[in-house]
Amino acid sequence: MKKLKVAILGSGNIGTDLLIKTLRSPVLECAAFIGRNLSSPGMTRANSLGVKISDRGIEAIRSEPDSCDLVFDATSAIDHRHHWSVLQSLGKIVIDMTPSKIGTMCIPAINLDPCLDQRNVNMVTCGGQASIPLAHALGRTHEVDYVEVVSSIASRSSGPATRLNIDEYVETTEDALAFFSGCAKTKTILIQNPAVPCIDMQTTLFAKVKQPNLEALDREVKAIVAKIQAYVPGYRLLAGPVYENNRIVIMVKVQGLGDYLPRYAGNLDIINCAAIATAEAFANKNEKKDTDQRSHAPRR
Amino acid sequence: MKKKILISDPTLRDGNHAVKHQLTAEQIARYAEAAEAAQIPIVEVGHGNGLGASSLQVGESAVGDMEMLKAARRKLVRSKLGVHVMPGFATIRKDIEKAVEVGVDVFRVGAHCTEADVTRRHIGYVRERGKEVYGVLMMSHMVSKETLAEESLKMESYGAEGIIIMDSAGAYLPSDVTERIAELVKALNIPVGFHGHNNLGMAVANSVAAAEAGATILDGTVRGFGAGAGNTQLEVLIAVLDKMGYSTGIDFYKLLDAAEIAEREIMKVIPAIQSISIVSGLAGVFSGFSKHVERASKEYGVDPRDLFFELGRRKVVAGQEDLIIEVAMDLAGKKVSR
Numbered sequence: 001m002k003k004l005k006v007a008i009l010g011s012g013n014i015g016t017d018l019l020i021k022t023l024r025s026p027v028l029e030c031a032a033f034i035g036r037n038l039s040s041p042g043m044t045r046a047n048s049l050g051v052k053i054s055d056r057g058i059e060a061i062r063s064e065p066d067s068c069d070l071v072f073d074a075t076s077a078i079d080h081r082h083h084w085s086v087l088q089s090l091g092k093i094v095i096d097m098t099p100s101k102i103g104t105m106c107i108p109a110i111n112l113d114p115c116l117d118q119r120n121v122n123m124v125t126c127g128g129q130a131s132i133p134l135a136h137a138l139g140r141t142h143e144v145d146y147v148e149v150v151s152s153i154a155s156r157s158s159g160p161a162t163r164l165n166i167d168e169y170v171e172t173t174e175d176a177l178a179f180f181s182g183c184a185k186t187k188t189i190l191i192q193n194p195a196v197p198c199i200d201m202q203t204t205l206f207a208k209v210k211q212p213n214l215e216a217l218d219r220e221v222k223a224i225v226a227k228i229q230a231y232v233p234g235y236r237l238l239a240g241p242v243y244e245n246n247r248i249v250i251m252v253k254v255q256g257l258g259d260y261l262p263r264y265a266g267n268l269d270i271i272n273c274a275a276i277a278t279a280e281a282f283a284n285k286n287e288k289k290d291t292d293q294r295s296h297a298p299r300r
Numbered sequence: 001m002k003k004k005i006l007i008s009d010p011t012l013r014d015g016n017h018a019v020k021h022q023l024t025a026e027q028i029a030r031y032a033e034a035a036e037a038a039q040i041p042i043v044e045v046g047h048g049n050g051l052g053a054s055s056l057q058v059g060e061s062a063v064g065d066m067e068m069l070k071a072a073r074r075k076l077v078r079s080k081l082g083v084h085v086m087p088g089f090a091t092i093r094k095d096i097e098k099a100v101e102v103g104v105d106v107f108r109v110g111a112h113c114t115e116a117d118v119t120r121r122h123i124g125y126v127r128e129r130g131k132e133v134y135g136v137l138m139m140s141h142m143v144s145k146e147t148l149a150e151e152s153l154k155m156e157s158y159g160a161e162g163i164i165i166m167d168s169a170g171a172y173l174p175s176d177v178t179e180r181i182a183e184l185v186k187a188l189n190i191p192v193g194f195h196g197h198n199n200l201g202m203a204v205a206n207s208v209a210a211a212e213a214g215a216t217i218l219d220g221t222v223r224g225f226g227a228g229a230g231n232t233q234l235e236v237l238i239a240v241l242d243k244m245g246y247s248t249g250i251d252f253y254k255l256l257d258a259a260e261i262a263e264r265e266i267m268k269v270i271p272a273i274q275s276i277s278i279v280s281g282l283a284g285v286f287s288g289f290s291k292h293v294e295r296a297s298k299e300y301g302v303d304p305r306d307l308f309f310e311l312g313r314r315k316v317v318a319g320q321e322d323l324i325i326e327v328a329m330d331l332a333g334k335k336v337s338r
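These protein sequence lines map, in sequence, to chains A and B.
Here the numbering used here is used: position 92 in the first sequence is 92, and no number is missing along the way.
Here the numbering used here is used: position 249 in the second sequence is 249, and no number is missing along the way.
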């Protein structure tokens, strides 16, 4: 089958890890790896993998608009505003890795299919990818008064953009939690722990509900965890759901695939696995459309 | 001339840990009034982990942040109103903006001792709004003096007007404090401060060591009201500093009165160095965890001392209260399988 051509904008941890996952995908092809500095570690890595690189940022795509069909934007929320205006006019599909809140929020285990009709899909945040499916399961089984999500990540796994954008991380995750759980009152906390050896990403969901029904919740949680594991192999339920101290508690741990950063960086891995799953779904949909068109074409 | 020390009093913030964040607006107003009378320079108010920290993770506060701040604001004239802020809990838009509007004078933006770069925007924002801002490095016993200096320099470059290192676990001995404060005084162009906890009975001695090494900002709470074994006991600290020839501008008799008022009106129990606090200090675990450890050890039938040492071994930081449940379950599971 014909592979979908993607460009990766942003050569930091997220961008470089996406590159390695793209190269492994049977349906994606990396047409360009774009940053601002040819000597950055990500660029060096891309170059050594034989991928076409550029240090011209969004201009690299503007000047060669036919080089790709889909763009991963792994820069920052502020830069994404400008990038989207350019990419929109070029008719590209965009998967936004930043917490910009411009595109349709996508959690593949919940709403992958409707997202494939959108041109700008937002991957929310790493903590959001880990916790929102649980909050969604909660919302399907309970009348929820309050949801809170705490993620602890290894300091080494969060790069300068994540650190600078910590407020956007918190607020975007809170908005998405509310959207997918149906509960208006949400809270997000992010803790960075510098312990060595590095800690794995861990996320805890706390909730206050009217009438706890652990049996129904347990079923929903197990089902959605299995769905996530289909695209995030290192995702696992650590504890719960339990009801203690008048609150529901569910804990998950996310280990990464160890593609660009080591396995402890589950935070980076989960958002990237979700983005790749989304891009692959776009690729499969395109392929299907092509095949359908071909089979319906009049024969000469 | 006497050397001056700037005193910041978090009785109404750190003390909130001791009552599971249940201080009421009336209690806050009552103590703020007494603190104003005693001319305490900075009165810190809020949830134990600061702005935006009321949560199931750390504990929900009885009254909202802004209500607490307003209650204190009305009583403070010469004394400044301060808050503790941790990025990751609080955001500029949701919390800091509102606190500025309510009339907070002093923002102490804190992060775990290796994570100063998360405070960049928050410190910058407070400076832009023309308020006083300090950088706070928490759990500072976990790293070397060189790392503390490096992280402090970042906060200085973001616009912090002083750096306070916290002994959040009450783990320091005076020689540890001397070494670190001296390094910071040497490295920085801004004032340096110290915030002690009393798990090993060293809080006053450690604060004195800090002053002797060049610190000019010290934190203390009346009766030591605060997380775990409590903080540096302010009325003792002021007496000792005075005896050593430092000036703080605090009215000593009025301070003693404020301590009486606080003891009577806001404390359920006066903090003491309980057996478990000693373990917590030795394990180097955040003092704010003590109530959670107490509860979780009962719930899962594990020895709270084992729980503290295991948490220390896992190098948990402030804000990781959820791990207490996990570790307690883990220990309980091991006990069953044995």
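Hints in this document: simulated from the structure, not taken from any laboratory.
Heads up, the beta-carbon is just placed ideally off N, CA and C, and yes, glycines get one too.
Some hints here could point you the wrong way.
Calculated pairs, EDC-like style, for lysine to aspartate or glutamate (alpha carbon to alpha carbon, straight line, at most 16 Å) [unchecked claim]:
hint : chain 1 : residue 1 : chain 2 : residue 2
1    : A       : Lys253    : B       : Glu326
2    : B       : Lys186    : B       : Glu156
3    : A       : Lys2      : A       : Asp218
4    : B       : Lys298    : A       : Glu244
5    : B       : Lys70     : B       : Glu26
6    : A       : Lys185    : B       : Glu60
7    : B       : Lys70     : B       : Asp105
8    : B       : Lys4      : B       : Asp251
9    : A       : Lys52     : A       : Glu64
10   : A       : Lys208    : B       : Glu161
11   : A       : Lys3      : A       : Glu287
12   : B       : Lys154    : B       : Asp117
13   : B       : Lys4      : B       : Glu212
14   : A       : Lys208    : A       : Asp145
15   : A       : Lys185    : A       : Glu244
16   : B       : Lys315    : B       : Glu299
17   : B       : Lys94     : A       : Asp175
18   : A       : Lys285    : A       : Asp175
19   : A       : Lys289    : A       : Asp145
20   : A       : Lys253    : B       : Asp330
21   : B       : Lys94     : A       : Glu171
Beta-carbon label-pair distances, calculated as ranges [what the hints assert, rightly or not]:
hint : chain 1 : residue 1 : chain 2 : residue 2 : range
22   : A       : Tyr243    : B       : Asp306    : 18 to 26 Å
23   : A       : Arg263    : B       : Arg313    : 16 to 24 Å
24   : A       : Tyr243    : B       : Glu26     : 30 to 38 Å
We went through each hint and held it up to the structure:
no.	hint	in the structure
1	Lys253/A - Glu326/B	11 Å, holds
2	Lys186/B - Glu156/B	13 Å, holds
3	Lys2/A - Asp218/A	41 Å, violated
4	Lys298/B - Glu244/A	12 Å, holds
5	Lys70/B - Glu26/B	11 Å, holds
6	Lys185/A - Glu60/B	14 Å, holds
7	Lys70/B - Asp105/B	12 Å, holds
8	Lys4/B - Asp251/B	14 Å, holds
9	Lys52/A - Glu64/A	13 Å, holds
10	Lys208/A - Glu161/B	40 Å, violated
11	Lys3/A - Glu287/A	8 Å, holds
12	Lys154/B - Asp117/B	7 Å, holds
13	Lys4/B - Glu212/B	12 Å, holds
14	Lys208/A - Asp145/A	5 Å, holds
15	Lys185/A - Glu244/A	20 Å, violated
16	Lys315/B - Glu299/B	23 Å, violated
17	Lys94/B - Asp175/A	13 Å, holds
18	Lys285/A - Asp175/A	29 Å, violated
19	Lys289/A - Asp145/A	43 Å, violated
20	Lys253/A - Asp330/B	15 Å, holds
21	Lys94/B - Glu171/A	9 Å, holds
22	Tyr243/A - Asp306/B: 18 to 26 Å	25 Å, holds
23	Arg263/A - Arg313/B: 16 to 24 Å	21 Å, holds
24	Tyr243/A - Glu26/B: 30 to 38 Å	34 Å, holds
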